[in-house]
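Asks: Spelled out, the chains give:
2 protein chains.
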Amino acid sequence: MKVGGRAYRSIWLAEDAKDGIGAVEIIDQTRLPHGFVTRRLETLEEAATAIREMWVRGAPLIGATAAYGLALALRADPSDANLERAAEVLIATRPTAVNLRWAVEDLLARLRPAAAGARAGLAYARAAEICDQDVAINRSIGGHGLGLIRAAWEDGGRARPVNLLTHCNAGWLATVDWGTALSPIFQAHDAGIPVHVWVDETRPRNQGASLTAWELGQHGVAHTVIVDNAGGHLMQHGRVDLCITGTDRTTAAGDVCNKIGTYLKALAAFDNDVPFYVALPGPTIDWSIEDGLAEIPIEERPGAEVAEIAGVTAAGAVTRVRLIPEASPVANPAFDVTPARLVTGLITERGICPASREGLRALYPERHNQ
Amino acid sequence: MKVGGRAYRSIWLAEDAKDGIGAVEIIDQTRLPHGFVTRRLETLEEAATAIREMWVRGAPLIGATAAYGLALALRADPSDANLERAAEVLIATRPTAVNLRWAVEDLLARLRPAAAGARAGLAYARAAEICDQDVAINRSIGGHGLGLIRAAWEDGGRARPVNLLTHCNAGWLATVDWGTALSPIFQAHDAGIPVHVWVDETRPRNQGASLTAWELGQHGVAHTVIVDNAGGHLMQHGRVDLCITGTDRTTAAGDVCNKIGTYLKALAAFDNDVPFYVALPGPTIDWSIEDGLAEIPIEERPGAEVAEIAGVTAAGAVTRVRLIPEASPVANPAFDVTPARLVTGLITERGICPASREGLRALYPERHNQ
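Here the protein sequences line up with chains A and B, keeping their order. For the first sequence, our numbering gives the first residue as 1, with consecutive numbering after it. For the second sequence, our numbering gives the first residue as 1, with consecutive numbering after it.
Careful: at least some of the hints might be erroneous.
Sample of chain B residues lacking proximity to chain A, with all beta carbon distances greater than 12 Å (derived) [claimed, not checked]:
hint	residue
1	E15
2	I21
3	R39
4	G117
5	G121
6	T344
7	R357
8	A362
To give a feel for the contact side, a few chain B residues facing chain A, derived at Cβ under 8 Å [claimed, not checked]:
hint	residue
9	N206
10	V225
11	D228
12	I309
13	T319
Simulated from the structure, these hints should not be mistaken for laboratory data. This structure is a prediction, so every number in the text was calculated from the model and none was measured. Ideal Cβ placement from N, Cα and C applies to all residues, glycine included.
Same shape as in the complex, but just chain A (with noise of 0.2 Å):
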């Protein structure tokens, strides 16, 4: 998507690279949305670096970043021991990072058999295979749920904005482009379709205040960013339209495991009549599990998260600052589980469906047996 007028992928082969082969440009999301720095990785120690220091996050962009880290090692020297060396220091950035681990795995798979002159070649064929894949996803993700933002338009006969909420970020920083939630309100946006966003915060890392707000920003896209507390009340008085999320995992049975305050939004999005989708990439349903909130382990972070944040001064400099009293505990669970009875439905990239075990397998009849 666009930043200052420019298009951007979240990861790209640098301008001088050579026959497909060559350096590779991240953008350091750390230092959004107080700055724009793109970064130039040479060799797999700065793709790990890129990782581990989460210039890059979202489960997509950090599998095509290892992708990309695997082939800079090659590049540099093609051998067995390197490229065995290579997948252990990617693996090791983020050990729980599963589509890291199967980027890295794919790629290993690819290249064991392959002649060490051929190496570098066909690892940086497949990472770019891997970001194209992504775009495509997420291309139709949004095509998808570009559908659901023009019936409410022209539900509403054309004449006024189509109010969209969203939680968190599920932009095309986390991915390569479009990104998931973010996908059907871009393309609403380039069709000409007038949207606005409210823009949840997403304490206690505020995603939202500082990525997503920064992306629509970017790209032209109305929007506003208010706290977590608000979308409630903006629901009650008309003002909320739709309201799409991403997800980390959704169940078999469309339990949506989602950044932590995604419940209370599906709950009031389901005590106002507003209809509340998640959107997702197939792969991230887990069809191994069906109740979210018995079988979803919650991951508890640090809660230095919630005590501290940084901002940025009025003098330009970024600073952390504390919060709370020095003496106060802290709990910081990361996500939450919204039941499928408060999911109107389910945005993938092979169209839309309810959010149930029938509506699930409709869309994916191979998983049926599984």
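Please arrange chain B on chain A, whose structure you already have, making use of the hints.
Replies: Showing chain B alone in chain A's frame:
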């Protein structure tokens, strides 16, 4: 309640006062939670500054401070002219504060007919009475709410602490002592019932993370600060026994206007069969309206409250930082309305009643014909 082991009210006559006449002391609440600073008010002007600069906040405390402000004015000059001037100065500090106007007009009506020489004494006596009445009301609210906490404790076989959740700050700092929503909690703690309070941060002004957490910590009540997004998840997992919040305005039908985000917690409580109580002094019931959603206008506050936040740096300096992109607009509705259907009961100084017209009229029969 206690601060550092010593009992305080939020406003008190200085120790060196003679015959009930002298300087008044308050806590500078703008310095909390990072510093505990008391201030001595010697003059009308100092009392007006305390209200205007929000060193004191909360309707009952503002009213009490205004009453003492008049007393301080009359101590210096008990003339008719000074009485009227002092009333004007005080009312202008926060023109929309209902309790402030009420307190000033109450004192004016009593002092105008009095001899100049008697006025200061009368004013101090009435200010003390206003404080004591507030304390009595809040103590009574706490006594009734204590019954709910005790029942929850006994329901759990006295085997584990009672887990409460509260939003914003309805504690003793907003009143003269005890508070409203926190009064039952302080009383349960003082009665030896083990309690633990989940403290909603309460964005955007963070009154929970700063004031409620500080109050509870100073009085020795076990508590944990959470982001506003987390309460629903905790209720889904059985980690909240009882919610108690305050209210700014309650309709004759039991709809509750309170700090933004209260509605979301009430929805989650309802969805998880967690009792949701609202504590209030009878005088805050607005008998002239029924439908809170339709009839209560919601104050829209400055966007800077969302876009920026103050905290303390590692070096100990209180600093303000910006959280969102420069170009992003912000909306900041300050309150929301929780419909009576989501409220288990109202805790008043006269007892607990259903959040309904019938419930309220049974407790306040003198309002029956209004």
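Asks: Please go over all the hints and tell whether each is borne out by the structure.
Replies: Status of each hint after checking the structure:
1. E15: holds, 27 Å
2. I21: The claim stands: I21(B) keeps its Cβ more than 12 Å from every Cβ of chain A (closest is about 36 Å).
3. R39: R39(B) clear of chain A: closest Cβ-Cβ about 20 Å, beyond 12 Å.
4. G117: holds, 47 Å
5. G121: The claim holds: G121(B) sits with its nearest Cβ about 40 Å from chain A, beyond 12 Å.
6. T344: Given that every Cβ of chain A is farther than 12 Å from that of T344(B), nearest at about 17 Å, it holds.
7. R357: Holds, because the least Cβ-Cβ distance between R357(B) and chain A comes to about 21 Å, which exceeds 12 Å.
8. A362: Consistent with the label, A362(B) stays out of reach of chain A, its closest Cβ about 28 Å off (over 12 Å).
9. N206: At 6 Å from the nearest chain A Cβ, N206(B) passes the 8 Å test, so the hint holds.
10. V225: This hint holds: V225(B) lies near chain A, its Cβ roughly 5 Å from the closest one there, short of 8 Å.
11. D228: holds, 5 Å
12. I309: This hint holds: I309(B) lies near chain A, its Cβ roughly 6 Å from the closest one there, short of 8 Å.
13. T319: It holds, given that the least Cβ distance between T319(B) and chain A is near 6 Å, below 8 Å.
Checked against the numbered hints above, the structure breaks none of them.
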